[in-house]
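The primary structure of each chain is shown beneath.
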Amino acid sequence: MQIIFDKVNYIYSGGTAFARHAIKDISFSINKGEFIGLIGHTGSGKSTLIQHMNGLIKATNGHIYFNGQDIYEKNYDLRKLRSKVGLVFQYPEHQLFETTVFKDVVFGPTNLGLDKLECELRAYEALKMVGIGDDLLDASPFELSGGQKRRVAIAGVLAMKPEVLILDEPTAGLDPRGRDDILEKIAELHRDSGLTIILVTHSMEDIANYADRLFVMNRGELVMQDTAKVVFSHYKELEQMHLAAPQVTYVMNVLKDKGYRVNTDATTIDEAKEEILKLLQY
Amino acid sequence: MEMIKVKNLTFEYIRRDEEGNVESINKAIDNVNLDVKKGDFIAILGANGSGKSTLAKHINAILYPTDGGVWVNGMNTAEEKNLWEIRQTAGMVFQNPDNQIIATVVEEDVGFGPENLGVPTQEIWERVEKSLEAVGMLEFRNSSPNKLSGGQKQRVAIAGIMAMKPQCIVLDEPTAMLDPNGRKEVIATVRELNKKENVTVILITHHMDEVIYADKVFVMERGQVKMEGTPREIFTRVDEIKKYRLDAPQVTELAYELKKAGVNLPDGILTVEELIEAIKLIKK
Numbered sequence: 008m009q010i011i012f013d014k015v016n017y018i019y020s021g022g023t024a025f026a027r028h029a030i031k032d033i034s035f036s037i038n039k040g041e042f043i044g045l046i047g048h049t050g051s052g053k054s055t056l057i058q059h060m061n062g063l064i065k066a067t068n069g070h071i072y073f074n075g076q077d078i079y080e081k082n083y084d085l086r087k088l089r090s091k092v093g094l095v096f097q098y099p100e101h102q103l104f105e106t107t108v109f110k111d112v113v114f115g116p117t118n119l120g121l122d123k124l125e126c127e128l129r130a131y132e133a134l135k136m137v138g139i140g141d142d143l144l145d146a147s148p149f150e151l152s153g154g155q156k157r158r159v160a161i162a163g164v165l166a167m168k169p170e171v172l173i174l175d176e177p178t179a180g181l182d183p184r185g186r187d188d189i190l191e192k193i194a195e196l197h198r199d200s201g202l203t204i205i206l207v208t209h210s211m212e213d214i215a216n217y218a219d220r221l222f223v224m225n226r227g228e229l230v231m232q233d234t235a236k237v238v239f240s241h242y243k244e245l246e247q248m249h250l251a252a253p254q255v256t257y258v259m260n261v262l263k264d265k266g267y268r269v270n271t272d273a274t275t276i277d278e279a280k281e282e283i284l285k286l287l288q289y
Numbered sequence: 016m017e018m019i020k021v022k023n024l025t026f027e028y029i030r031r032d033e034e035g036n037v038e039s040i041n042k043a044i045d046n047v048n049l050d051v052k053k054g055d056f057i058a059i060l061g062a063n064g065s066g067k068s069t070l071a072k073h074i075n076a077i078l079y080p081t082d083g084g085v086w087v088n089g090m091n092t093a094e095e096k097n098l099w100e101i102r103q104t105a106g107m108v109f110q111n112p113d114n115q116i117i118a119t120v121v122e123e124d125v126g127f128g129p130e131n132l133g134v135p136t137q138e139i140w141e142r143v144e145k146s147l148e149a150v151g152m153l154e155f156r157n158s159s160p161n162k163l164s165g166g167q168k169q170r171v172a173i174a175g176i177m178a179m180k181p182q183c184i185v186l187d188e189p190t191a192m193l194d195p196n197g198r199k200e201v202i203a204t205v206r207e208l209n210k211k212e213n214v215t216v217i218l219i220t221h222h223m224d225e226v227i228y229a230d231k232v233f234v235m236e237r238g239q240v241k242m243e244g245t246p247r248e249i250f251t252r253v254d255e256i257k258k259y260r261l262d263a264p265q266v267t268e269l270a271y272e273l274k275k276a277g278v279n280l281p282d283g284i285l286t287v288e289e290l291i292e293a294i295k296l297i298k299k
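If you read the protein sequences in the order shown, they are chains A and B. Residue numbers are given in my numbering: position 2 of the first sequence equals residue 9, and the series is strictly consecutive. Residue numbers are given in my numbering: position 173 of the second sequence equals residue 188, and the series is strictly consecutive.
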């Protein structure tokens, strides 16, 4: 187990009239190298939850363990935790600030106190990983397209060599191709570098293609943690929680309701296609 | 007369160096022609940087044409005397609801627009009530916008525009930041306004499933309109739209894949219901 949450609670403005229980009794464990999809309605506590993972927010009570160590223990090095658990915020391109792409990515590792050569090597490698070519290294980050900017921002976090990469809605506002490019890159990082990925998203269609397990948040509680197939089979409950299943899951379920003998657990286009071809005896 | 008429519109972003010499010229809009009839619901699709938002900003005179022209309800946006009336005729809703809400109480936020137009107090309240009702947010009139979900906030932003009684609303990626339910709410609200109040709607989005109800879809690339047609016509050409960095609703893509595998389905299936009906026909 790489990350363990044990009954974690967080209360905003505790002890005042504005107190709000943002996350309630959250318990789970994540294995090294897993790909987790985190879904939930706006305001369900997803962003609060992920900020606990690298110690940006301290739980009101409960325990969090990273690689077996309690991160709230005295003398625990939170700085080191933050370099191990990289967090890419929503609209990370708003955090780009340097004059060139390369300088922007070098900034993170430099802050870790590494020597210059190591920092530059890491930055170069990170930019390669997200598919930013040599021709763009000296460009101003502000001249890039939306998708490119976002990849540079992700490289900035990768250059810290994290073991866990958390991304908060990395595809919001991107066109479909830009969205697929980013998701493919993330899947590749997961495959090739063995990074643990935690991806927050509102796109059910996308997450069904990638995640090993889905965590579903509803009003501050973690209400489901299972494979996409199992989670999306509860599509009616998901709708109650302001979520939905991928369109193809609806297709299969309506077919079944109409009396056709089909397996309803398809969550991707390919799975649905196979199932319907079987039904039509092709 | 058209609600919106765009004729040979070209817009250039000109970059200058420190001495004011022209460094580069970027044609964000390149000879675009577009007619939108009153009461139409049109959608504009296109990759990031294809010129969608630049085009939208011409419709309520935030930007002026470098060449060609834009007319809103017959008024030329390049003439300064029309500015006030154009902005009342065409309202805009942006991507992030948090950037558009300014008051601490929902009904005050919605009343801000008409108040600035000098509408008498009694009528402001009537408009606020009517607009909040139209977007289904009347019960939240005394709430703080902070306490609302993303979809609710965006509906309040739409009510704020409605209270100015525009004949046309331009929505620039209004659902990009919302969860599935919020997206559904906003799109249902927009369709309702279009049908019941006959408001002309121009919707810019990256979500393909939101445009299937539009009367007409325009696809932009590098500042030009590359495709136009009904959603069915557009989404029949799955390979072509992918060339423009777009895709199709998931169910359309599923139908397309099934067709490629030899299943005899009609072209351009857009909804789950249509696919089910088509499969039922084959099974008979």
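FYI, nobody ran anything at the bench for these hints, they're computed from the structure. Mixed in with the good hints, there may be bad ones.
[As the list claims (entries may be wrong)] Derived DSBU-like pairs (lysine-lysine); straight-line CA-CA distance at most 30 Å:
1) A:LYS263 <-> B:LYS180
2) A:LYS123 <-> A:LYS135
3) B:LYS20 <-> A:LYS236
4) B:LYS298 <-> A:LYS192
5) B:LYS210 <-> B:LYS53
6) B:LYS180 <-> A:LYS265
7) B:LYS299 <-> A:LYS265
8) A:LYS285 <-> B:LYS295
9) A:LYS265 <-> B:LYS275
10) B:LYS258 <-> A:LYS192
11) B:LYS20 <-> B:LYS53
12) A:LYS236 <-> B:LYS96
13) B:LYS299 <-> B:LYS42
14) B:LYS20 <-> B:LYS42
15) A:LYS285 <-> B:LYS211
16) B:LYS199 <-> A:LYS265
17) A:LYS243 <-> B:LYS72
18) B:LYS180 <-> B:LYS145
19) B:LYS72 <-> B:LYS211
20) B:LYS20 <-> B:LYS210
21) B:LYS199 <-> B:LYS162
22) B:LYS274 <-> A:LYS236
23) B:LYS211 <-> B:LYS258
24) B:LYS96 <-> B:LYS22
25) B:LYS298 <-> A:LYS263
26) B:LYS199 <-> A:LYS243
[To be verified] Which bits of chain B does chain A cover? Going by a derived footprint, with three or more residues having C-beta under 8 Å, they are:
27) 32–45
28) 92–102
29) 218–226
30) 240–249
Positions of the beta carbon are idealized from the N, C-alpha and C atoms, including for glycine.
Subject >> Hint check, failures only >> reply: Violated hints: 1, 3, 4, 6, 12, 13, 15, 17, 23, 27, 28 and 30; rest satisfied.
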